[in-house]
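Student: Chain by chain, the residues run as shown.
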Amino acid sequence: MSKLLSVGYWVFFSFILLFIALPMVVVLAASVSPTSHVTFEFWTWTLEWFGKLWTSKWLDPFILSAKIAAIVAVISGVLATLGAYAVAYEKCPGHDAIMSFLLSPLAVPQIVKGVAIVLFLSSAGLFRYLGTPGLIAGHIILTVPFAVRMIATSMYNFDKNLDRAARILGASWWQRIRYVLLPLIKPGIFSGMTFAFIISFNNVPLSLFLVRPGQSTLPITVINYFEYSLDPILAAVNVASLLFILAVIFLFERIGGFTVQIHGGSK
Amino acid sequence: MSAAEIADIELVGVTKSYGGNVVVVDNVSLTVPRGEFVSILGPSGCGKTTTLNMIAGFHEPSSGEIRIRGRNQVGVPPEKRNIGLVFQNYALFPHMTVQENVAFGPKMKGQSKSETEEAVRSALKSVRLEGYESRYPKELSGGQQQRTALARAIAPRPSVLLLDEPLSNLDLKLREAMRIELKEVQQQLGMTFVYVTHDQEEAMSMSDRVVVMSDGVVAQEGRPSEIYQNPVSAFVADFIGKSNLLPVKQARDHDGRLTLTLGGGLSLVSERSGDIPANDITLCCIRPENVQLARKGASGENLLTGRVDKLVNLGAHAELWVDVSKDCLLKVQVPVRRLQGIEIGSHVDLLIESAAIQPLAH
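From first to last, the protein sequence lines stand for chains L and U.
Following this note's numbering from start to finish, the first sequence increments by one per residue and tops out at 267.
Following this note's numbering from start to finish, the second sequence increments by one per residue and tops out at 629.
It should be emphasised that the hints constitute simulated quantities derived from the structure, not laboratory data.
Pair ranges (Cβ atoms, derived):
hint: 1; chain 1: U; residue 1: G409; chain 2: L; residue 2: L17; range: 40 to 46 angstroms
hint: 2; chain 1: U; residue 1: N580; chain 2: L; residue 2: Y156; range: 49 to 55 angstroms
hint: 3; chain 1: L; residue 1: W174; chain 2: U; residue 2: D542; range: 53 to 59 angstroms
hint: 4; chain 1: L; residue 1: I98; chain 2: U; residue 2: E382; range: 40 to 46 angstroms
hint: 5; chain 1: U; residue 1: P361; chain 2: L; residue 2: P23; range: 36 to 42 angstroms
Subject to a maximum C-alpha distance of 27 angstroms in a straight line, what follows is the list of computed DSS-like cross-link-like pairs (lysine-lysine):
hint: 6; chain 1: L; residue 1: K91; chain 2: U; residue 2: K347
hint: 7; chain 1: U; residue 1: K509; chain 2: U; residue 2: K593
hint: 8; chain 1: U; residue 1: K347; chain 2: U; residue 2: K380
hint: 9; chain 1: L; residue 1: K160; chain 2: U; residue 2: K347
hint: 10; chain 1: U; residue 1: K577; chain 2: U; residue 2: K598
hint: 11; chain 1: U; residue 1: K405; chain 2: L; residue 2: K186
hint: 12; chain 1: U; residue 1: K376; chain 2: L; residue 2: K186
hint: 13; chain 1: L; residue 1: K160; chain 2: U; residue 2: K405
hint: 14; chain 1: U; residue 1: K450; chain 2: U; residue 2: K392
If you want the footprint, here are the derived chain U segments under chain L, 3+ residues with CB under 8 angstroms:
hint: 15; region: 345-351
hint: 16; region: 360-368
Positions of the beta carbon are idealized from the N, C-alpha and C atoms, including for glycine.
One chain only, chain L, in its complex shape (with noise of 0.2 angstroms):
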C-alpha cells in the first residue's frame, strides 16, 4: 500500500514539475528554431535571434527596465525595511492597521491602478512624470507590500532579548540597529528587494500606462512586437530575461543569503 503510495506520489509530483517546465522548455526550443516560423527540430539550431537582440530596438527597453527594477528594488527595499521596522519590530500604536494598510495595494487590480495614476497625473498636473518617474512611483507602489511582508516576517521572528543583550552591553540605538538589527534581518531585506526587482522588471498590466512612446520597458516592447510578428526572436527575448533574472537573484542571494527565509532553513 505504502508503496503504491509511493509511487503515486512521484508520479504526481513529476507531472507537477513537468507542468511548470514545460513552457520554458518550449520558449527555450522556440528560441534556437532555425526558421523564422517557429519549428521545432532537434538536429537544426541557430544562435542567430539573440545576436539579433544585440541591437537598440532590445538593448534600450531592457536597459530601462533594469535600470527602473534596480531603483525600485533599493527605494523599495529602504521604505519596506522603514515600514516593517515600526510597525513589525516597534509595534507602534496601530500596528496592525497599519500593517493592513500597507498591504492593501495588493487587493487593487493593477489596471485600476494604473488607471488611477494616469488620471492622477494628468488631474495635478504632473503629466510630463509619465515614463522613467511615473514607471518608478507605480512600480514601487506595487512592490512595496510584498518587501514589506518579506521583512516584517523577519522582524516578528527577531528576538527581542538580543537588542535587549547589546542594550545592556552598551550599545547606543543606532549600534544596535547596525551591528544586530540589520544583519540578522538582511535575508528579509534581500528577499523583498529581489521580489520588487522582479515584479518591477517584469510588469505588464501597470507599465502599460505609464510608458512614454519612444521609451519603453522590455514587457511592453514584448507586447508591441507580438501584436505584428511571431518569431524566435520573442522567445529569445524570454530566454535572455531569464537568464537575466536568474543572474540577479543568484547575486542578491549571494549578498543577503536569503534562501533559508524562503525555504524554511533547510540549508
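We have chain L; now place chain U onto it with these hints.
Tutor: Then chain U, alone, in the frame of chain L:
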C-alpha cells in the same frame, strides 16, 4: 563614607506598579555590598524579574531609588549603566562567533582593539572556553552557550552582574556543575552578582545572601543557613526546603520555653520563644531531618507515636509520612539504614529536639 563602604547596589523603597493598582514590586529595599553573591529567590510572579529589570534599567521604578556604586540610576538608560546581564535563553548573537560575541561589549564601549582582545581572552579564560573563539553559537552545546553568555557579560568589566535564571535551560547534571563554576568565577573576579532564580537549591548553594520574595515584597533576607534554619513565615519555610507546618492552637511561654498545643491532643515544647509573642503563634515549622526515630521505650518531651502512612525511598535517605494524630501527618527524613523493620503500617516513635521547633506567626 569611603569608597570601599559604598554598596554596589542599593534599592531604596523601590515600587513598581502598572496602571496605579497592579503592584508588582512593593517597597523593596536592598543593599548589596561589593563582591557579594546575592540571590533573589521566589516563585514565578513574585516580582524578582521585575526587580532585576529595574536594576538593569529596562523598567523604571514607579517610586523609590536605585543606586549603583552610590549613583542614582533613575532615568539612566541600560546602555549607560555599566551592568552585565546573563539571560535565561542566553541571547547570544547568532550571526557572530564566540569571539565576536564576547568582544561586543568592549567594542561598543569604545575600547581599543588590543584592549578588546585582552578582555575577550581573559573572559574566555575565566569561563574555560579557550579554543572556541571561531565557533558560532549554534555550533555549541547548551553548557558552552551558557559559558559564552557569561563571558560576554563579564568582558566589559561591569560593576555588577545580573543573572536571570541562567541555568534553567540546562539538564540537572550540568546545572549542578555550572553552579560550582559560577561561584568560582564570581570569587575569582570579586564581582558583585545578583542572581534571580526560583530554584532554592541554586540560591542556597551559591549565595552569600538570599533574598526571598513573595507577592512583590521581601519575605526574608539573610544567609542561606539562617533562612533555612529560622524561616520567619510559613511561606519561607515551605518555599525553602521541605518542612512540616503544623497549626498551633495555643502557645504558652514559660521562661523562654514554649509549650505548643496542637490539634489531636498533641503538645510540643519549643526552646525558641524568639521575637514572636506567644499569643501570635499560629504555626510551627519542623524540618523533616530534625525528626528522629526514637528507640522503643524511650521517654521524654516531644516524643510522638504514629503509624507509617507512606514510605518513599530516595536512595541515601527515605521519607516517611507518619500519622501522629487524627489530622496531623508528619514528614520524617531518615537514613535508609535505619529503615529496618519499618514498612507502611508500622508504628514508630518519633523524637523532636525542642530547639528544632520554630514557632511562626503566619
